[in-house]
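With chain A's structure known, arrange chain B with the ligands on it following the hints.
Residue numbers (the working numbering), protein chains in the order written: chain A, 404 to 759; chain B, 404 to 759.
Hints are computed from structural coordinates only; laboratory data are not their basis.
Be careful, since some hints might not be right.
Just so you know, same-sequence chains aren't split out, so a pair can sit in one copy or run between any two.
What the hints assert, rightly or not - Derived pair list, reagent style DSSO-like, types lysine-lysine, alpha-carbon separation capped at 27 angstroms:
1) Lys677 / Lys478
2) Lys516 / Lys548
3) Lys665 / Lys489
4) Lys441 / Lys565
5) Lys565 / Lys554
6) Lys548 / Lys496
7) Lys499 / Lys548
8) Lys441 / Lys672
9) Lys565 / Lys408
The model shown is predicted, which means the values in this text are computed figures rather than measured ones.
Chain by chain, the residues run as shown.
2 protein chains.
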Amino acid sequence: MIIQKTENSRISTFDPSNFSFGNTFIDHMIICEYENGKWGDVKLVPYGPLQFSPAMMGVNYGQACFEGMKAYKDKDGQVFLFRPEKNFERINKSAKRLAMPEVTEEMFLDGLKALVDIDREWIPEGEGMSLYIRPLIFATEEALKARVANKYMFAIVATPAKMYYTEPVSVKISDHYSRAASGGVGSAKAAGNYAASFYPTQLAIEEGYDQIIWTDDATHEYFEESGTMNVFVRINDTIYTPPTSEKILDGVTRDSFIQLAKKRGFEVKVEPIKVKDVVAAQKNGTLKEVWGVGTAVVTTVFEALGYNGEKLDLPRLSDEESYAVILKNDLVDLQTNLAEDPFGWRVLVDHAMETV
Amino acid sequence: MIIQKTENSRISTFDPSNFSFGNTFIDHMIICEYENGKWGDVKLVPYGPLQFSPAMMGVNYGQACFEGMKAYKDKDGQVFLFRPEKNFERINKSAKRLAMPEVTEEMFLDGLKALVDIDREWIPEGEGMSLYIRPLIFATEEALKARVANKYMFAIVATPAKMYYTEPVSVKISDHYSRAASGGVGSAKAAGNYAASFYPTQLAIEEGYDQIIWTDDATHEYFEESGTMNVFVRINDTIYTPPTSEKILDGVTRDSFIQLAKKRGFEVKVEPIKVKDVVAAQKNGTLKEVWGVGTAVVTTVFEALGYNGEKLDLPRLSDEESYAVILKNDLVDLQTNLAEDPFGWRVLVDHAMETV
Ligand SMILES: Cc1ncc(COP(=O)(O)O)c(C=O)c1O
Ligand SMILES: Cc1ncc(COP(=O)(O)O)c(C=O)c1O
Chain A
404 MIIQKTENSR
414 ISTFDPSNFS
424 FGNTFIDHMI
434 ICEYENGKWG
444 DVKLVPYGPL
454 QFSPAMMGVN
464 YGQACFEGMK
474 AYKDKDGQVF
484 LFRPEKNFER
494 INKSAKRLAM
504 PEVTEEMFLD
514 GLKALVDIDR
524 EWIPEGEGMS
534 LYIRPLIFAT
544 EEALKARVAN
554 KYMFAIVATP
564 AKMYYTEPVS
574 VKISDHYSRA
584 ASGGVGSAKA
594 AGNYAASFYP
604 TQLAIEEGYD
614 QIIWTDDATH
624 EYFEESGTMN
634 VFVRINDTIY
644 TPPTSEKILD
654 GVTRDSFIQL
664 AKKRGFEVKV
674 EPIKVKDVVA
684 AQKNGTLKEV
694 WGVGTAVVTT
704 VFEALGYNGE
714 KLDLPRLSDE
724 ESYAVILKND
734 LVDLQTNLAE
744 DPFGWRVLVD
754 HAMETV
Chain B
404 MIIQKTENSR
414 ISTFDPSNFS
424 FGNTFIDHMI
434 ICEYENGKWG
444 DVKLVPYGPL
454 QFSPAMMGVN
464 YGQACFEGMK
474 AYKDKDGQVF
484 LFRPEKNFER
494 INKSAKRLAM
504 PEVTEEMFLD
514 GLKALVDIDR
524 EWIPEGEGMS
534 LYIRPLIFAT
544 EEALKARVAN
554 KYMFAIVATP
564 AKMYYTEPVS
574 VKISDHYSRA
584 ASGGVGSAKA
594 AGNYAASFYP
604 TQLAIEEGYD
614 QIIWTDDATH
624 EYFEESGTMN
634 VFVRINDTIY
644 TPPTSEKILD
654 GVTRDSFIQL
664 AKKRGFEVKV
674 EPIKVKDVVA
684 AQKNGTLKEV
694 WGVGTAVVTT
704 VFEALGYNGE
714 KLDLPRLSDE
724 ESYAVILKND
734 LVDLQTNLAE
744 DPFGWRVLVD
754 HAMETV
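Excised from the complex, chain A in its bound form (with noise of 0.2 angstroms):
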């Protein structure tokens, strides 16, 4: 790995208790170049702007993928990454299905390790504090051709993180728009995937939503995920989640929930939600929770749900009651390392770069 430490670090412009999510950016990001079927070095340098063409092929075609992942730091300082494989294998998925370059174990997580602790001081601490990190891998080349391009980037920036709003919000069960087509790229953490979602959501935000409950493309029949999220119903006390496909996003977080679920002894029925069970168990009072799971929010409790110009209101549970919330707090004590790790999650975040 090249390393380029920055002459000019703006940790001290950063206050962690006063920030903004997204577009705050830590010291440094990671970069490595594709060309001639090849990857070149490593390089951990000052985050900031390179040159780019208009013609750049990521940004006509959409070949781009990209990963969202968390680093917490626990009480005492230490610096952990969760399941960060998950993620590697993950960014190779949707890199295949774009047809763009794999890229490889080393590169991926050492030089996850290495921006994380060159910048760990800009990991904020505390409860809901996170570092969010983006790899991703874009189409460099400059041609206006829509075939698969020669040249790549794979990068890594990062931003300081805090706990989103989780107030319950009310979600649409989408009948008209969707995100993913059968023999599509649901499944890949595809670019594309995300701007596609931005009108019918706005147009769900006008109806008076905060997000909306991806179905099916074809029949509207069936739950997908929630906005960004994996998607949970609970039902009496058994919990229920699509299985993963061609359409659906692979989560860690929906995962790790589901694993953390089984330790706990609770049911969990990975198998096809259909809207019209869920809209009969909110009239007969069995459905008691339904909430959407991923890396940036780790739960979004809902409290509502839109469907057929119809308002269905869902139970309000205490913490105590609420499988979400039960689940949400094993899972962010297991990360923040405020809990014992079975599962071997956590991955430490060694000081090495005080070497360099």
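Coordinates of chain B with the ligands only, in the frame set by chain A:
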């Protein structure tokens, strides 16, 4: 418009009889930035890279759409655009679906004309020659949040173009992969649609085909498009093409072919095309031609359709018999001022830049 002419024209290095399409760029480009809710000045500047962060939202979330159009030089050296108002309308339709700001007619058309005018020397003359022009809009804001961006760039870049390879090709009728979801972004020229098509196309190539005929994602029973072209089928002497929809791009070439076919008195039916009807017509000998149309290649004639593991051969018609060839010639003659223009499709690009 702010005009900054290059001081290092590369035109002397350009050999119109020997250049590479798609990565030879003309001397200038148009750029215009959107911030605080409005577009700034349109600028004509030397073509080249700009400063962008790997955290730019256009790359991370695929908030990017584009157009593809051409300028043609006639035998007297006059330069024409072809139906540019259609591309203007379509880029805004795409922008809307991706929750991006629309561009004004002035930005789009004046930018286009100024660029083509100043770099008219780059337009190669002769049969099949043209300038391929790429207007695009993409999110430039640096932020790691999956939401609508606040900063954008509108750009126009261009590359000299020559006739594509136009030998008949064989295409696989897709039975698993798909290009567009119901309720998705298929009718937008969204960047992400193209990356999504690369891997399925690679697989089709490995199976011995050149391209894919996309079918509906739910049943694969209906033709949608072919590669990045709209598709036409001729059974006996009737031409069929699917109606445009949320899943099918409303192609300028498609529309022009329909109008030119009607002008010639050919029967054209705009209606859904069933895979099984095409296969049956091939078996009973009534299937005469299947072809794709788009700005880049104008027309690609298919020589075989891959269906269910079988290669169904298509008749090889002479140029006089082929509706695809007849209509292609009608269109190219109109575009290059070799024929009358009863439709008012040609737009002359004035010499305005000499006075600058
Ligand atoms: C579409 C989509 N679904 C689900 C998720 C949740 O995945 P993860 O738990 O790995 O963050 C994400 C990413 O955050 C996503 O973008
Ligand atoms: C998906 C797709 N379909 C069809 C077309 C043809 O459209 P046009 O004739 O406007 O070039 C294009 C663009 O070239 C396209 O990208």
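Now for the hints, and whether the structure bears them out:
1. Lys677 / Lys478: Intra 43 angstroms, inter 64 angstroms, cutoff 27 angstroms: neither.
2. Lys516 / Lys548: Between copies only: 22 angstroms across chains, 36 angstroms inside a chain, cut-off 27 angstroms.
3. Lys665 / Lys489: within (20 angstroms within a copy, 56 angstroms between copies)
4. Lys441 / Lys565: neither (37 angstroms within a copy, 31 angstroms between copies)
5. Lys565 / Lys554: Answer is between; shortest inter-copy Cα gap is 24 angstroms, intra-copy 35 angstroms.
6. Lys548 / Lys496: Answer is both; intra-copy 24 angstroms and inter-copy 22 angstroms each pass.
7. Lys499 / Lys548: both (20 angstroms within a copy, 24 angstroms between copies)
8. Lys441 / Lys672: neither (43 angstroms within a copy, 49 angstroms between copies)
9. Lys565 / Lys408: Only inside one copy: Lys565 and Lys408 sit 26 angstroms apart there, 47 angstroms across copies, limit 27 angstroms.
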